[in-house]
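Trainee: Letter by letter, the chains look like this.
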Amino acid sequence: MAEGKSNLAAQDATSDPYRRLFDAAAIGIKWSAPDGRLVEVNHSFCALLGFERADLLARRYDDITHPEDAPEDRRQFARLMAGEIPSYTIEKRYIHKSGEPVRVRVTSSLMKSPIPYRISIVEDVRAYHQAERVRQESEARLRSILDAVPDAMIVIGERGLIESFSPSAEKMFGYAAGEVIGQNVKILMPEPYRAQHDSYIGRYLETSEPHIIGIGRLVTGQRKDGGLFPIELSVGESKLEGRRIFTGFVRDMTERESAERRIEELQGELTHVARLSELGQMGAALAHELNQPLSAIVNYLQAGRRILQAAEMPVPPRVAETMEKAAAQAERAGQVIRRLREFVARGETDRRPENVNTVIEEAAALALIGAKSAGITTRITLRPNLPPVVMDKVQIQQVLLNLIRNALEAMESSEERILAIEAATKDGMLELRVSDTGPGLPPEVAGNLFQPFITTKSRGMGVGLSICRSIIEAHGGRISTAKRPGGGTVFAFTLPLEA
Amino acid sequence: MADNPTIFIVDDDEAVRDSLSMLIESAGMKSQTFGSCREFLARRALPQRTCLLLDVHMPEMSGLQLLDEMAKRGIKLPVIVMTGQADVPLAVRAMKAGAVDFIEKPFTDELMLDAIQRALKAPAAKSPADPAIKERLAQLSPREHEVLLHMVAGNPNKVAAYNLGISPRTVEIHRARVMEKMAARSLSELVRMALAAGVEPGSG
Chain A
1 MAEGKSNLAA
11 QDATSDPYRR
21 LFDAAAIGIK
31 WSAPDGRLVE
41 VNHSFCALLG
51 FERADLLARR
61 YDDITHPEDA
71 PEDRRQFARL
81 MAGEIPSYTI
91 EKRYIHKSGE
101 PVRVRVTSSL
111 MKSPIPYRIS
121 IVEDVRAYHQ
131 AERVRQESEA
141 RLRSILDAVP
151 DAMIVIGERG
161 LIESFSPSAE
171 KMFGYAAGEV
181 IGQNVKILMP
191 EPYRAQHDSY
201 IGRYLETSEP
211 HIIGIGRLVT
221 GQRKDGGLFP
231 IELSVGESKL
241 EGRRIFTGFV
251 RDMTERESAE
261 RRIEELQGEL
271 THVARLSELG
281 QMGAALAHEL
291 NQPLSAIVNY
301 LQAGRRILQA
311 AEMPVPPRVA
321 ETMEKAAAQA
331 ERAGQVIRRL
341 REFVARGETD
351 RRPENVNTVI
361 EEAAALALIG
371 AKSAGITTRI
381 TLRPNLPPVV
391 MDKVQIQQVL
401 LNLIRNALEA
411 MESSEERILA
421 IEAATKDGML
431 ELRVSDTGPG
441 LPPEVAGNLF
451 QPFITTKSRG
461 MGVGLSICRS
471 IIEAHGGRIS
481 TAKRPGGGTV
491 FAFTLPLEA
Chain B
500 MADNPTIFIV
510 DDDEAVRDSL
520 SMLIESAGMK
530 SQTFGSCREF
540 LARRALPQRT
550 CLLLDVHMPE
560 MSGLQLLDEM
570 AKRGIKLPVI
580 VMTGQADVPL
590 AVRAMKAGAV
600 DFIEKPFTDE
610 LMLDAIQRAL
620 KAPAAKSPAD
630 PAIKERLAQL
640 SPREHEVLLH
650 MVAGNPNKVA
660 AYNLGISPRT
670 VEIHRARVME
680 KMAARSLSEL
690 VRMALAAGVE
700 PGSG
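Protein chains in written order, with the numbering used here: chain A, 1 to 499; chain B, 500 to 703.
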């Protein structure tokens with residue numbers, strides 16, 4: 001023992017190339033005697049524990065080993081001594097000079113001559129553990145994100161074979177991950193893409209010209225059961241161990257598409273309602289305008305007939321008959337107009353009790369989809385326990401849609417953009433308010449806003465609000481506008497709570 | 500007739516005023532016409548036997564506003580409201596505001612002259628219910644009476660159906676029976692009879 005130590009200690013640290021190599025090693029190396037004395041240590045080992053070489057050589061195994069980790073180390077060392085194993089590697093903690101534990105991986109073996117010295121190679125694994133913890137954390141975070149987003153994630157390699165298939169993808173496509181991993185991704189798409197997908201990848205690998213990577217497109221996916229559905233696909237590319245992988249994020253657009261279809265339908269209905277309202281307004285105007293002269297005609301004819309009768313003079317019978325028939329025809333014209341009005345007023349409206357909150361929520365959702373709603377804060381204040389209100393839901397939603405769209409447009413260049421939709425009850429009426437933080441209405445427009453052909457928009461006919469007014473008044477309510485305190489405009493309309 | 504009644508006419512349409520006054524004079528009564536509500540309100544004393552034929556849709560002041568104004572000023576005379584629109588809620592409002600009758604334009608001379616005669620008999624008050632109408636009302640089943648209230652309130656069938664908890668189709672059947680039992684030729688006539696008999700819309 002003493003011999004060994006003196007051997008090493010005696011060597012000139014600067015002249016011996018092995019010694020220099022020993023000290024230059026980036027990894028910690030230590031020799032210790034079977035009784036635990038430290039015989040030699042290199043620079044890296046000293047640096048790891050924060051001691052000078054001389055300090056360490058004055059210490060023993062027990063002084064620098066964490067007491068909790070010592071028993072396992074001893075057990076393994078005993079097996080080594082017994083010749084059961086040629087070497088062993090364990091993770092354990094040393095104690096740094098500062099008292100802090102230092103986690104290391106130690107590989108120990110024996111050098112038997114002249115007495116069994118223990119040689120230990122010591123790696124600092126703190127950085128590794130730190131990196132591992134970070135990796136695990138970020139992986140967990142990523143997984144939680146992937147689990148939470150409805151988007152499916154599919155990873156494929158350069159040959160188009162599926163390498164990873166997220167739970168959302170399983171749900172979306174109806175395949176279990178195990179069924180599709182290793183399969184060509186083209187099974188997830190219908191023809192003609194299915195037949196061509198391999199050549200898409202080939203072309204990209206050859207030309208590096210992206211057609212979908214980094215762009216995102218609306219395409220069609222095919223489920224396991226053969227069903228087709230619209231998807232929005234965006235693909236990212238990355239390099240992993242020298243090869244390229246492609247990660248596809250897939251969003252099921254079925255609901256969005258149907259929402260857009262619903263908007264189109266509603267817009268169609270709006271046009272229809274608008275036409276009907278115009279017809280209704282025209283019908284009402286016609287009825288009034290034509291009824292006046294018709295009434296006068298009937299009155300004149302009947303007065304004339306009476307005057308002739310009272311005059312007690314011979315009247316050609318054909319004259320009386322003619323006047324009689326003229327009066328009957330004028331009255332018939334009145335009937336026609338009346339029927340037209342009744343038809344327009346009653347024929348197409350579909351009134352029934354509706355849940356007000358649902359009506360508002362749907363209208364708001366519809367108005368906001370596809371609208372330039374970025375940067376807009378929407379506040380919807382509903383009133384619970386409202387009784388159902390009798391209305392033509394489509395018409396009232398058209399009014400709401402109109403007011404909300406107007407509000408959004410009004411705020412396009414506003415700094416503060418708050419859209420508020422509120423429901424309240426007042427004097428047996430339901431009141432719905434739509435307010436914006438736009439520039440407010442010019443005073444010259446505010447007064448006759450609900451008249452046809454009044455508009456503040458560069459595009460548009462200016463019939464929207466006049467139709468809103470016809471609809472609301474036909475429901476027995478009123479529509480009005482006011483300045484919003486703090487800037488902007490409030491549009492409010494009422495509906496009778498009880499019909 | 501020594502005591503010839505004078506009939507006032509308020510209508511913004513000159514031809515209507517002129518033709519109406521000719522009709523009234525052909526029936527042996529006097530008439531006086533006004534082109535607006537303000538003009539009518541500006542006139543001085545009222546003759547003993549009189550009634551007012553009042554148009555609803557007029558600019559500035561509507562016929563309904565004039566009724567309110569007359570009530571405020573204590574002007575008492577029977578008013579027949581004329582409207583080109585068969586709008587039940589409007590008719591109900593007019594009757595509630597004090598009109599004794601309402602008539603849709605255009606009308607036959609008979610209808611108008613009868614209405615005037617009825618109004619003259621019941622000056623400044625709603626005409627007493629015709630016993631025949633009361634009798635017809637009594638023939639309605641409770642459900643038919645409920646449907647009548649909705650009709651008089653101007654409610655669409657769907658609303659009546661919802662409130663009564665029956666199908667719109669059933670409401671239609673009840674409506675037809677009500678019209679038949681009340682011997683009403685039109686919805687306006689039904690409303691007029693019902694209101695004259697003291698049926699209150701919305702009291703169902």
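Note that these hints are calculated values from the structure, not bench results.
Please note that the accuracy of each hint is not assured.
When the alpha-carbon atoms are kept at most 20 angstroms apart in a straight line, the in silico DMTMM-like pairs for lysine to aspartate or glutamate are as follows [unchecked claim]: (1) K595/B with E498/A; (2) K657/B with D350/A; (3) K680/B with D608/B; (4) K657/B with E415/A.
Bear in mind that the values here come from a model prediction, so they are computed numbers and not experimental data.
Trainee: Taking the hints in turn, state whether each one holds.
Mentor: Structure-based check of each hint:
Pair hint K595/B plus E498/A holds up; C-alpha atoms about 19 angstroms apart against a cutoff of 20 angstroms. For the hint linking K657/B to D350/A, the alpha-carbon distance of about 8 angstroms falls within 20 angstroms, and the restraint holds. For the hint linking K680/B to D608/B, the alpha-carbon distance of about 26 angstroms lies beyond 20 angstroms, and the restraint is violated. For the given pair, K657/B sits about 46 angstroms from E415/A by alpha-carbon distance, which is inconsistent with the 20 angstroms threshold.
Checked against the numbered hints given earlier, this structure breaks hints 3, 4; the rest are met.
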